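Trainee: Got two chains here, separate frames each, mind docking them using the hints?
Sequence lines, in order, name chains E and G.
Take 1 as the starting number for the first sequence in the working numbering and just add one per residue.
Take 1 as the starting number for the second sequence in the working numbering and just add one per residue.
These are calculated hints, taken from the structure and not from any lab test.
Treat each hint with caution, since some may be false.
[What the hints assert, rightly or not] To spell it out: a stretch of chain G is covered by chain E in this simulated footprint if at least three of its residues, at any positions, have a beta carbon under 8 angstroms from a beta carbon of chain E; those stretches are:
id : stretch
1  : 58-69
2  : 104-111
3  : 146-153
Given the structure is predicted, the values throughout are model-derived calculations rather than measurements.
Yeah, the Cβ is synthetic: ideal placement off N, Cα and C, and Gly gets one too.
Spelled out, the chains give:
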Amino acid sequence: MGSVRMGEIVVSKRAGDELVARGLGSCIGLALVDRSAGVAGLAHIVLPESSETDRQPGKFADLAVPELIDRVCRAGASRRRLEAALAGGARMFELGELDIGARNADAVRKGLATSGLAVHAAETGGSRGRTMRVSVGDGTITVKEAGGELTILLDGSAGGAHLPRASATLEGAHR
Amino acid sequence: MTPRYTELQLDALRELANIASGNAATALSQMLGREVGLTVPRVLALPLVDAVDACGSPDESITGVVIPLEGDIDGLVLLLISTEGADALCRLLGVEAGSDIGDSALREIGNILGTSCLNALASMTGLNLCPCPPHLSTDMLGAIVSSLALTQTESADLVLVLDSELDVADEPCSISFVLLPSDGGVSDLLTPLGLAA
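Excised from the complex, chain G in its bound form (with noise of 0.2 angstroms):
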């Protein structure tokens, strides 16, 4: 049972994820004290060999933040942060890249991002989510990709990526912002806005 999403479906997702990677960007501007540019959001409905493909190169390192998502919706939110990138939001931080402090202010930022996002989704749609702990790891990004999509899909056949680029005025950081429904979650994103299958 391989879901098909319409125009009008990926559409309300890519307005989703807008709203809600722009919450996320907000926050993180004020956490940094920077200006955090956001570009327009990807609704990629692949398998999810082309989803990974579509996030980077497999043995690249990467740090991933992972926010598993509770309450209506099943799912996880994924940053995905460069080397470069956990350097430099160190740095801005006033702690060491690579040492426990430093991932910790990394999980904080992801605690922080998930934490805005899942409050634009709870307005936007009426549902109760609440956000849970946040995991870090630094590995290679087809490894973290597939591993966490793979937790969220029963079949690994169609998974819906929402993906947007959080840009950090003057430094080399990008983060990619990952919404990764559950094969539910998608229909319960969906239904309140009155565009379920």
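If we strip away everything but chain E, and leave its shape as in the complex, we get (with noise of 0.2 angstroms):
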């Protein structure tokens, strides 16, 4: 199973494989998969944006987004039949701080609509926990909080096309 770790990318394109990030606090969890090539990635993103002196590309949401989207192409993926999926930014405690998550949530999402991809769906905000799994092959991606139900954010196994649908999911798209 690849467990997915804070400031960690990994793309399979091997059936029956499993990413899995665990523990999104206000973390953001962003999976990508191309179900037709039956190609899969998911980054761990922990900050909105980079620095001159840390550059780590999974770690950050302004490299993570294009880092991924070169990785899941590269590994064979097409990059008009993606679709993402976001989960995460919560915030787990009001300490006065900045809402991490919600900055977090803001970056991937323009950092998606700058490359021209919709988000399909997403589970963020709040002030619970989740963990996010992708499945490779099919291309299922789920949701779910500590104590919850499971969230089915993409159903690989149902049919139809690959495009992203116009109604309800073009979030990004239109600026």
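Mentor: In structure tokens form, the structure reads like this:
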């Protein structure tokens, strides 16, 4: 099982692999799948913006989004077939600090919009931790909260077009 | 700008953590009427991702009680209590685990342990510190620890974790007592000891 820890990006095209980002608090799990090609990638993003001194690609939204797109395409995905889902960005404690989770979610959405990708589904905000899983092969993406039910963000077994559907999903694209 | 710590600095921090958690163990023991054992603190200076892993399994369900610090040192005290441990503590205090009163009791434990820790730090360093009201969350360990650590550090590059285990005698209750100073908080602690970088 491909555990994707904070700041990591994992891409796979081996059917049967599972990519998992556990315990997402203010972090964002960004999943990109090309169901047709059977390629999937998951980034566990920690902060919105990289600095001069720290440029680990998976850690920062501004670097992770283009890096993840690049890596899934190099693994055989077609950009126009990519479907994106986000999870995380919670505010676990009201500590009077900036809401890092919300800033992360915004930064990832902006990055996707800049790259011309729509957000297929998202489960962000709130105050609960989440675990995100991506099934390589059929491209199913799920999210679960502690003690909560499993939410399906993308149902890989559902047939139909591999292009993002027009209704209710083009949150990032109209700018 | 990544702070690196010398052995001397880490030893000093370990000693601080030892005394602070020792005070906390005594306070907890008085509150519960039970013996409370204490492990030697670990002082970990690690990248955030490894610091979170060092605290436990990321999707393990745990109760975190947070006592933010205010005054001369920026940072927070975090208690990590397993589900079993929370049940045991509530039982010892005569309240129902998982209820509002149960959560209140755990917050109160946080308050008492946080305050005793602060008093120890203040007397060792001569600094002024005050605890703020505790927060509680029962959720995934990784989400709790990572989110908190990120409020204390700009870069999430190197995080300092000072961590002891408080064991309540004859109960399946082991509390992780974590002191998480902010980036600036570490030199706040080291300066009065004459060990600032």
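Trainee: The structure should be examined with respect to each hint, and the outcome stated for every one.
Mentor: Cross-check of the supplied hints:
1. 58-69: Our answer is that it holds, as 5 residues pass the Cβ test (under 8 angstroms) against chain E, meeting three.
2. 104-111: Per the Cβ count (0), the hint is violated.
3. 146-153: Result for this restraint: holds, n = 5.
Violated hints amount to a single one, hint 2; each of the other numbered hints is respected by the structure.
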